[in-house]
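Peer 1: Take a look at the letters that make up each chain.
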Amino acid sequence: MPLPIAGIVTAVELGKRAFDVIAGFSNNASMVKASSAVQDAVNVLNAVTPLVDQFAKGRDITPDDVRIALEREGAALTEFDRVIAEKSQAAPGT
Amino acid sequence: MKMLIASLFAALTLSACAVTGTALGPTPESQIVNGANSITAAATLGTVLLRNDRITAAQAKSYRAILGTADAHLKDADKTLLACRAKTGSTAETVPDPCAAGIGADINLALSIAADVKKTLDSKGN
Numbered sequence: 001m002p003l004p005i006a007g008i009v010t011a012v013e014l015g016k017r018a019f020d021v022i023a024g025f026s027n028n029a030s031m032v033k034a035s036s037a038v039q040d041a042v043n044v045l046n047a048v049t050p051l052v053d054q055f056a057k058g059r060d061i062t063p064d065d066v067r068i069a070l071e072r073e074g075a076a077l078t079e080f081d082r083v084i085a086e087k088s089q090a091a092p093g094t
Numbered sequence: 001m002k003m004l005i006a007s008l009f010a011a012l013t014l015s016a017c018a019v020t021g022t023a024l025g026p027t028p029e030s031q032i033v034n035g036a037n038s039i040t041a042a043a044t045l046g047t048v049l050l051r052n053d054r055i056t057a058a059q060a061k062s063y064r065a066i067l068g069t070a071d072a073h074l075k076d077a078d079k080t081l082l083a084c085r086a087k088t089g090s091t092a093e094t095v096p097d098p099c100a101a102g103i104g105a106d107i108n109l110a111l112s113i114a115a116d117v118k119k120t121l122d123s124k125g126n
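In order, the protein sequences belong to chains A and B.
Anchor point for the first sequence: position 22 equals 22 in the numbering used here, and the numbering is continuous, going up by one each time.
Anchor point for the second sequence: position 93 equals 93 in the numbering used here, and the numbering is continuous, going up by one each time.
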């Protein structure tokens with residue numbers, strides 16, 4: 001499911017540019033203020049986007065990724081067991 | 001006024017995410033991978049410390065037993081998730097995810113236990 005953030009940021013950026021153009025032509029104080037408000041919104045959205053992307057990455061994990069991670073975990077535990085047995089034999093009672 | 005409009009845009013964005021059902025959280029699959037990686041890291045560190053005689057075999061056995069508990073919870077979570085995916089036909093991309101809630105307790109336990117063991121082993125390595 002594509003996240004809407006990128007599209008919303010683009011739309012707001014375009015809106016910002018439109019406000020800038022109109023404010024430039026009209027020299028209207030309220031248009032200048034509105035343009036600044038839209039810039040604030042763009043800044044907020046740009047701050048949010050990396051956080052959302054971070055969560056979105058989790059959606060790329062496949063069942064194969066899970067299987068591989070569990071196999072790697074099993075191998076690590078098995079190796080731990082092996083070294084424990086080795087050390088226990090070398091120094092019984094420790 | 002500026003902050004009001006900025007806030008409205010931010011609220012609109014978050015509402016859009018809610019409406020589309022995008023959950024702002026990791027998928028069950030990624031949580032299981034995180035759990036597996038945490039246990040792997042703790043077990044690997046224990047192995048290295050034991051090889052270098054920074055911990056005794058008895059201590060290692062104790063940590064290994066605790067990691068076994070974490071592993072059991074992780075395997076339960078994986079089993080529950082696979083059964084849920086088969087039953088619901090959902091995948092990691094399904095939103096809202098019908099399988100997310102069912103594995104939460106087991107995953108949290110696995111992660112918590114692995115983190116505690118890793119933290120303890122980290123202190124042994126210093």
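Everything labelled a hint here was simulated from the structure, so no lab data went into it.
Every value quoted in this text rests on a predicted model; they were computed, and no experiment measured them.
Glycine included, C-beta positions come from ideal geometry on N, C-alpha and C.
Mixed in with the good hints, there may be bad ones.
Label pairs and their calculated CB-CB ranges [unchecked claim]: (1) A/D60 to B/S62: 34 to 42 Å; (2) A/T78 to B/G125: 20 to 28 Å; (3) B/P98 to A/S88: 44 to 52 Å; (4) A/E13 to B/R54: 51 to 59 Å; (5) B/N37 to A/R82: 29 to 37 Å.
Taking lysine-lysine and the DSSO-like style, the derived pairs with C-alpha atoms no more than 27 Å apart in a straight line are [stated by the list, open to error]: (6) A/K87 to B/K118; (7) B/K79 to B/K124; (8) A/K87 to B/K87.
Peer 1: Among all the numbered hints in the text so far, which are the ones the structure does not match?
Peer 2: 5, 7, 8
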